[in-house]
Amino acid sequence: MANHTDSPSGHDMRRRNLVKAVGAGAALAGFPAIVRAQSTKLKVGVILPRSGVQGLIGQSCQIGADIAPALIKDMLGVDIELMNADWETNVDVARTRAERLIQEGAHVLVGPFDSGAASAIAQVAEQKGVPFVINIAAAPPITEQGYKFVFRNFPTAIDLTVNGLALIGDLFRATNVAPRSAVFMHVNDTFGQAMNRGIGATLPRLTQLPFKIVDTISYDPAAKDLSVEVSKAKASKADFLLLVCRLNDAIILRREIVKQRWNIMGMISPGSPGIYEDQFQKALGKLSENCISNNPWYNPKTAMTAAVIKQMAKQFPKEKLHSHGANVSYTFESILIAADAFKRARTTNPKELADAIRQTNLTDRVSLGGPIKFNAKGQVEGNLSAALINKDGRPQVMLPASAAETKPVFPWPDYKA
Amino acid sequence: MNRRALVSLLILGVALLLLPLFANSYLLSVATLILFFAFAGQAWNVMMGFCGQLSLGHSLYVGVGAYVAAGLFVHLGIGPWAGVWLAVALCVALGCTIGFLAFRFGISGVYFALLTIAFAEFTRIGFDHLQWTGGPGGLFLKVAQRDTIDIANFRGPPAMYYYAILALAAGALALCSWLLKSRAGFYWQAIRENEEAAQALGINTFRWKMLAVAISSAMTAVAGVFYAFYYNNLFPEQIFHISRSIEIILGPIIGGVGTLFGPILGAVVLTVLADGITELLAAVGVEVPGIKQVFYGIVLLMVIMFLPNGIWPTLARKLGLVHAEGGK
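Residue numbers (this note's numbering), protein chains in the order written: chain A, 1 to 417; chain B, 1 to 328.
Derived by calculation from the structure, the hints in this document are not laboratory data.
Some hints could be false.
Straight-line C-alpha distance at most 30 Å; calculated DSS-like pairs for lysine-lysine [what the hints assert, rightly or not]: (1) K373(A) to K320(A); (2) K148(A) to K142(B); (3) K351(A) to K142(B); (4) K142(B) to K128(A).
Construct the complete structure from the given sequences, taking the supplied hints into account.
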């Protein structure tokens, strides 16, 4: 669990309340626009699921937000005040929290690690004319609505699938192997089904990939035993396992592969949680080594990533960036985008701030991908995934080569051809 | 209902009508949420509170109602005023199917509750695979920044949605009040108290239970249509989830099952409590994730322990809003 040592103190809260009271008084006096425009501090409403089903992920994202004020002050000289809100993994709450943050004077909203919540918040942001920078949410329609105040710096679900599959091709080229067949196993929940459909639609178009899927096997996300599924997968005689999983099933599945002495070239996730997570490595030890997953990730080679790691060590000494990956990098970048726009616009006027966000061109960044530039729909194009391999007890970037921390390894070293 | 209760109701009605003139957008959004849960809770109350049939799968009707109206709007351009009829018809058909299966084959109590959960769950799985409604990726209604009201397409500013759900909640209250005093209401209460005795008195329990299910599912379908056009995005994982059903039934349980004002009071208490705890914790500078849910749980536990019949019956008696013998 994250250690939120940077949370506002009681003193800060009282000060915030005083600022609110002064702001409210001015608003009543008829100068709301002037008050907003003249602010020297950017108030960022950070809305994340810090409790409920997605609580742990929300807290992970919160680390990215908590390190932002100090780091951005150093980088851009911009003062940021975080206004944290927990949407409790409940879309109804997300909407009211967004309303509340705007009411309290947030100049920009950041969050929320969920497409449904993002869509609910987007409507509030649009209605109130307050910029909203989405940190993580992949549903394509969010930026297809013609919104003027909604921006997303995260790949869409389609991009995620294409990036993940393309990296598999890159991996095979880099290791000079060409597996002919794969068995596709996926968790049978909403996410797994969506990935199944996405892969089914995308794979035929990626003609550079040398393999064909010979069998597709779905399994219950709450399964305690996957011996039958692994037997079936083994019987397919596929060269490698393409896997869309979550944490617990990934652990069970990896153990079952060993138990059944299934001799495969490796297991690769084209984009799902589980494999790169700390718990996977802790539970499996050496067995977790060389398992591969392709996911949005931070670029370990950039100066900004180094600064983020340093700041995390200062504020959250027990936390490591590789345990939080995209949660921290994309949340931090969302606040960076807002701060950069505020610096250029020199105002918190929402319309001018939104215009400045639209003109963003950040080349130095934490996450993998090209410069942060929004298209006409408010979507950043060119965000990339990384091919991650578990090595020495943590996920390490193999590809793209420019960000690599380790050499690509495929097939598994103990694979017998 | 006595004279004092009537005056109180009138004052409350006027206050609610004038609320958008004074409330900021946050309060308006909270009020809309309260009224939504009051309306949906009232719908559930018809089935459980009046007729004694425990449904834990009312998210089914919210979801189907929402998806039908939204799907027609997005894909065929059919507005919600037409879509709501199809949504209601489909939900009534679904409700009657569940009711028929249960009542015809003597499934009752906890087994009936399980049946309702099962229907909600496999409908969720079905919608996960239905590409016409976006599958697990969700169905999104086109949203534009609007200050003007487009009644035909039910698009407009937050105040429009507030008045719409206020009208629905008021309508539901009036309907339920009338139902309770009607022959159906008396038969339902007889069935609720002792089904065998009701049967022995010549009440066709199958028929009247089916009517309760039909009315309850129809009302919940309307709540679903409102939900779709208010939130503008639907995901099977969220709308059909059992937590949605629990949210709907918590209001009546806390307020007072089987009472007219219980669902409304329950929705007020739960929403204000949830937001109040958040505000209180923020004011004292406590930012521990999940702490709100702990407080929320403790308060609910205390209400259930000390007011097992809900808040409304006790409150109504103390305020002198009802005669000593009833809390309706």
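Results for each hint:
In summary, the hint linking K373(A) to K320(A) is supported, as the alpha carbons are separated by about 28 Å, within the 30 Å threshold. This hinted pair checks out: K148(A) and K142(B) have alpha carbons roughly 14 Å apart, not beyond 30 Å. Simply put, K351(A) and K142(B) have alpha-carbon atoms about 22 Å apart, close enough for the 30 Å limit, and the pair holds. Of the pairs offered as hints, the one joining K142(B) and K128(A) holds, with about 17 Å between alpha carbons and a cut-off of 30 Å not exceeded.
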